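Colleague: Protein chains in written order, with our numbering: chain P, -1 to 202; chain E, -1 to 202; chain V, -1 to 202; chain S, -1 to 202.
Simulated from the structure, these hints should not be mistaken for laboratory data. Here the structure is a predicted model, which means the values were calculated and not measured. A couple of the hints might just be wrong.
Copies of the same chain look alike in the list, so a pair counts if it works inside one copy or between any two.
Straight line, CA to CA, 30 Å or less: simulated DSBU-like cross-link-like pairs of lysine-lysine [said to hold, decoys possible]:
id	residue 1	residue 2
1	K55	K2
2	K55	K108
3	K108	K2
4	K108	K28
Number of protein chains: 4
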Amino acid sequence: EQPKVKVAVIYYSSTGTNYQLAKWAEEGAKQEGAEVKLVKVAELAPQTAIDSNSAWKAHLEETKDVPEASVDDLEWADAFIFSTPTRFGNLPSQMKQFLDTAGGLWGQGKLVNKVASGISSAGNPRGGQEKTVKHLYTTMMHWGAIIAAPGYTSPVAFSSGGNPYGTSVTVGDEGMQEDVQEAVKDQAKRTVTVTSMVKEGQEK
Amino acid sequence: EQPKVKVAVIYYSSTGTNYQLAKWAEEGAKQEGAEVKLVKVAELAPQTAIDSNSAWKAHLEETKDVPEASVDDLEWADAFIFSTPTRFGNLPSQMKQFLDTAGGLWGQGKLVNKVASGISSAGNPRGGQEKTVKHLYTTMMHWGAIIAAPGYTSPVAFSSGGNPYGTSVTVGDEGMQEDVQEAVKDQAKRTVTVTSMVKEGQEK
Amino acid sequence: EQPKVKVAVIYYSSTGTNYQLAKWAEEGAKQEGAEVKLVKVAELAPQTAIDSNSAWKAHLEETKDVPEASVDDLEWADAFIFSTPTRFGNLPSQMKQFLDTAGGLWGQGKLVNKVASGISSAGNPRGGQEKTVKHLYTTMMHWGAIIAAPGYTSPVAFSSGGNPYGTSVTVGDEGMQEDVQEAVKDQAKRTVTVTSMVKEGQEK
Amino acid sequence: EQPKVKVAVIYYSSTGTNYQLAKWAEEGAKQEGAEVKLVKVAELAPQTAIDSNSAWKAHLEETKDVPEASVDDLEWADAFIFSTPTRFGNLPSQMKQFLDTAGGLWGQGKLVNKVASGISSAGNPRGGQEKTVKHLYTTMMHWGAIIAAPGYTSPVAFSSGGNPYGTSVTVGDEGMQEDVQEAVKDQAKRTVTVTSMVKEGQEK
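Just chain P, same shape as in the assembly (with noise of 0.2 Å):
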């Protein structure tokens, strides 16, 4: 029997969205029969900012059991599933600086044919939703990753934004604006089918 393609879902989320993608992430590639590591990016802004604001705040003190996301996890993982929110059409520092302090792994070739996957949100619909993923992606290809985007291969790609490169979703006030569960489960599911191809393959 094949051993279990191993996920890291790796996310940031200052008031709950990404979490709640990470969430649906991990449900989609457990379905596919990985195993998975849920984990956040560590905070990095000032305890005042989080402090003014209460939905931060709450969201913060409502996770703080899920594990901090390390390097180890990027060895341990066949697979990558990030969730972000966007800053100005770009990942968050937050995100950034974890991936940041990949440098060692990386040059150990360490990060070599993982398969990565992103998922990303935004204030507004055409707000960096697609960037976000995309500049995600670039530090991927310096990783030696394969890249596995969800392109057009869900049947719920064309009513949930269709963004090619990440499913991704808009956040108001009232929370998400699209309906992107299944969009995530199957970019999850895909992701897992992508690593297995690789990995058995790679074993052969």
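Knowing the structure of chain P, use the given hints to seat chains E, V and S on it.
Modeller: Chains E, V and S alone, transformed into the frame defined by chain P:
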């Protein structure tokens, strides 16, 4: 009195969406006092492909009197507003073909400090609307153009998709899925305003 | 025994650089056991432009027997290796024109899980070599392709410009300015290896 | 008499390359008549990481009197020149962290029509030098900034790597691998010139 700002609105359209966007851009630019040339880039598709799509055929017939864009328009203009659909997240070959003809002007430095702005459309809300405009700007940077993306400078940015790189619209079987008319006009006005600053500043 | 991995090496070249790069890619892929088709995309430039440049004219004559790329090649292949010069930081219209013809295959889902990798050239060391390959990958993501950029997986990455998105080369009046032959071959080999994993994994 | 153009040169540097680039930018901008503030973004790395790298530690000590960048500098300046190394093809988290703090100014529209220009470095000639500057510009577009990339406007563009998005340099164990001093100064001068146009045009 200041000479008018000269704007070339350059579009590619197969079935009419970007022609409409370009006309709105023309209208906005004129309202801001600019002299505007509205020009289409040459079609590259074989006649058989066009004939097999009645909407495409009808649109080409409808716009047969719109002048074709030439490199002279690039030299004449103080500013370019491009309107273009996506083709797999990048410019259609028709638009790229036109841009590729500018090598001579580029070699003479005649594209430097032109102001550039882009508008796009796609079949999905996140189906390349951001990337298509951004890929256009890559070329504009090679030209030494000054890029005036709309950002969130227009009050209607947030109700029209919020694409900070350039106004864009989703196109379905029933036509445009969002009302972007004011956003396109505001982007055109902003382009004229920035160009006017650059031009008047240059002449001082 | 496993069936051979099928690779389409698809290039555009006006004066021969990318034809050479494509031949190295072909050689690398064959060394790794693949079945390879080397095809050129159709020329779009008017004959007068070609005739005015003796090197261009000579190259077209020299390669007149190289088959032209068709969408059938895209359907046939398990993997695509594209080799293309930059034109103002983006694909030449000739290459984009070819990609744009794949709409029918895309609509039938026949481009999903093809493995893709890109190679480029430019007149300046940082004159769009990164961007051109990255813009190609934007389209590959729309296709649902699996992207196998070289990263720093080849031992010669660091002596050949270190472009992690795809091997690339600077071209001057005296031809290629860096020795990228081994890097191109290694990228082709890696493409075959990743494709082999994907294919064998898929068939299990 | 016209008031001086105000330029914030904002850099991140771990071992000194981008500090040097930033000082050249400062010098170029001053030669063009600008008032310049040279500021560094705050370090995020833990002291243990810094202490383990003697060059990093020494550089931080050497530059301890350079003021830290604040959002007030963004509000004060007419133009921003950013100088930053790559980290896996994108901005280092330190630089992104600083940009992320500008949400308040952005919400008040105070970043609109600032002129922006970027400079970068990487360990490989094509190791993200293009992408890092381009990713910076994504954020600048969200801000409503006017982007003045150098293109090929400087006569030394072609001898300094020819990066049209922003001057950039390769850094090895022996320091900078190309002579980009004049290109950086010319980019700074161009930034001041464009800003001067925009500012004088605005005030008319």
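Colleague: For the identical chains here, do K108 and K2 meet the 30 Å Cα criterion within one copy, between copies, both, or neither?
Modeller: both (19 Å within a copy, 28 Å between copies)
Colleague: Check K55 against K2 for me: Cα-Cα at most 30 Å, and say if that holds within a copy, between copies, both or neither.
Modeller: For K55 and K2, neither the intra-copy (36 Å) nor the inter-copy (44 Å) Cα distance is at most 30 Å.
Colleague: Can you tell me if K108 and K28 fall within 30 Å by alpha carbon in one copy, between copies, both or neither?
Modeller: both (24 Å within a copy, 27 Å between copies)
Colleague: I want to check one pair: K55 and K108. Are their C-alpha atoms no more than 30 Å apart within a copy, between two copies, both, or neither?
Modeller: Result: close only across copies, 27 Å inter versus 36 Å intra.
Taken one by one, the earlier hints fail for this structure only at number 1.
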